[in-house]
Amino acid sequence: MRWLTAALDWQSRAVLSRHVRVHLRLWYTAFLPPAVEPILMLLAFGLGLGGWVAGIPWHGRDVSYLAYVAPGMLAYTTFMTAMLQGLYGAFIRMRYQRTWEGQLTTQIELRHVVWGEVLWAAFLATFYAAIVSLVLLGARLAGWLDVDVAALPLALPLVFVAACAFAALGLMFTALVPTIEHMNLPLFLIVLPLAFVSGTYFPVDHPALRPFSLVNPLYHLAETFRCLLLGGPIAGALASVLGLATLMLAVLVPLDMRLLRRRVLGD
Amino acid sequence: MDGVDLVCREGEVLGLLGPNGAGKTTTLRMLYGFLSLDAGAIRFAGEDVGADIGRIKRHLGVCTQDDTFDTDFTVAENLRMAARYFRPRPEHVRERVDELLDRFALRPYADAKPEILSGGFRRRLMIARALVHRPRLLFLDEPTTGLDPQARMAVWDVIGSLRRDGLAVVLTTHYMDEAERLSDALTVLAQGKAVAHGTAASVLGDLLGEHVVVMDAAAAGTAAVVTWLAARGLGEPVGVLGDWHVPLRADALAEFARDFPSLRYEVRAPTLDDLFLKLAVGPCAG
Chain X
385 MRWLTAALDW QSRAVLSRHV RVHLRLWYTA FLPPAVEPIL MLLAFGLGLG GWVAGIPWHG
445 RDVSYLAYVA PGMLAYTTFM TAMLQGLYGA FIRMRYQRTW EGQLTTQIEL RHVVWGEVLW
505 AAFLATFYAA IVSLVLLGAR LAGWLDVDVA ALPLALPLVF VAACAFAALG LMFTALVPTI
565 EHMNLPLFLI VLPLAFVSGT YFPVDHPALR PFSLVNPLYH LAETFRCLLL GGPIAGALAS
625 VLGLATLMLA VLVPLDMRLL RRRVLGD
Chain U
10 MDGVDLVCRE GEVLGLLGPN GAGKTTTLRM LYGFLSLDAG AIRFAGEDVG ADIGRIKRHL
70 GVCTQDDTFD TDFTVAENLR MAARYFRPRP EHVRERVDEL LDRFALRPYA DAKPEILSGG
130 FRRRLMIARA LVHRPRLLFL DEPTTGLDPQ ARMAVWDVIG SLRRDGLAVV LTTHYMDEAE
190 RLSDALTVLA QGKAVAHGTA ASVLGDLLGE HVVVMDAAAA GTAAVVTWLA ARGLGEPVGV
250 LGDWHVPLRA DALAEFARDF PSLRYEVRAP TLDDLFLKLA VGPCAG
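For the record, the sequence lines run as chains X and U. Everything in the first sequence is counted per our numbering, starting at 385 for the first residue and increasing by one. Everything in the second sequence is counted per our numbering, starting at 10 for the first residue and increasing by one.
A couple of the hints might just be wrong.
Reference excerpt, derived from the structure (chain U facing chain X, CB under 8 Å, subset only) [what the hints assert, rightly or not]:
id, residue
1, TYR41
2, THR77
3, PHE78
Calculated directly from the structure, the hints in this document are not laboratory data. We treat Cβ as the ideally placed atom computed from N, Cα and C, and that holds for glycine.
Model the full assembly from the supplied sequences, consistent with the hints where possible.
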């Protein structure tokens, strides 16, 4: 279980702290993606497309398209932030900046590098989700959006857990792909299809897509946030997302450590 | 790697020497915990390293062959960040960083990103970073590869001063002059095995003999030399720029002089260059 307890070691915190320091240097740009993207999405999908959609049937009632999309944006932000950090951010640090190799010459060990990356991706996703939450709060105060904004803080711990699982998946591809150009393979064959059948921006009711969405943690995450913000039966969705996230972490983190040990250390 | 037995004491520089692919970097990476051992043991101050490499690395400084400083931070920040990766935390980090900036002449670049540094200053930064936590044992993997002569000399000075400070240093190199000048003891690696250990002079004596005969490869009678060497199991002569360099022990040289009285040749003392050439073509003769 050393792979698991390493998450709590000081070395993992040191790696996380390094990433936070780098990010804070560009804090003014760091705020832009999580703040601007949901605003654009709210305008485009909520106010724009939403004007053409009468209502979305959800758990036996109709909700406005904007209210349907808002929790999905939280889930999508969690997913994309963690995945892109696990894919591109980690790959650049491993391959081009050689940050990991430098860290590994110290008391930092590979399992700490892996956990440091996972925790950093989760930390960033939570930070971005908090900013999206503030945008949603603003939309609620402006009278555009009818969701239970008091429940937004409850979403953040779940964002963190789910983002850890997504980052671990991204790191697996970082360990496997030979060049950054090859990152298009997981991006277009795994990440975007997962986002497509997640029910973030439209319900996944087609019989051909339904089985895929049921094993898609992003789908359950979006449903959990929807239940939280719109008031719905949350237990099943929450159990699904926690179960899938736990399974992903239990399988992927040890696998990442093994694959990256071979790739980074040649061992 | 097989049959490699190394000891490095405080205030001593141990050189690992060998041609490309001999296993120098692999040995070093095993020593500082990057690679696992299939067999054998590594001990630091009598303690088995494999038991808790994380804790023992508090006392190790590692300067890898490639630059692995953190490009997101300045030169000074690189040193400060490295200090954060050790527990117990190094004491008086600010003063230590200042000391290293001065000692390695990095002060003018303290607030610059490392990528603007020349090759020599990059190596200095790498060595300084490996020292920020005051290790007892320093690993330097080809510390001067790719540097101009002036920068090499500067790095040599640094290594010399570290030895005087009582640090144990293990370095790999394929520069003969560097190994000869810096190392108190040499271990020569070839094809994953240690083929000789000792001072530069004793290693050369063991592996090459006391003399090297240099002759024009195109001169009349050299074909007989090939036969003569083969008959004694001394391998083939090593060719360099039209000359043959043939290492011989004293008794073999006497025999050679007797058997080739009319051949024109020079006799000189062997160098580590001869050793490399010999290792590159096959087993050492005598």
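To see whether the hints hold, each was checked on the structure:
Look at TYR41 (chain U): its Cβ gets to within about 7 Å of chain X, closer than 8 Å, so that hint holds up. Restraint check, THR77 (chain U) versus chain X: the minimum CB separation of about 4 Å is within 8 Å; hint holds. Checking PHE78 (chain U) against chain X by beta carbon gives a least distance of about 6 Å; that is within 8 Å, so the hint holds.
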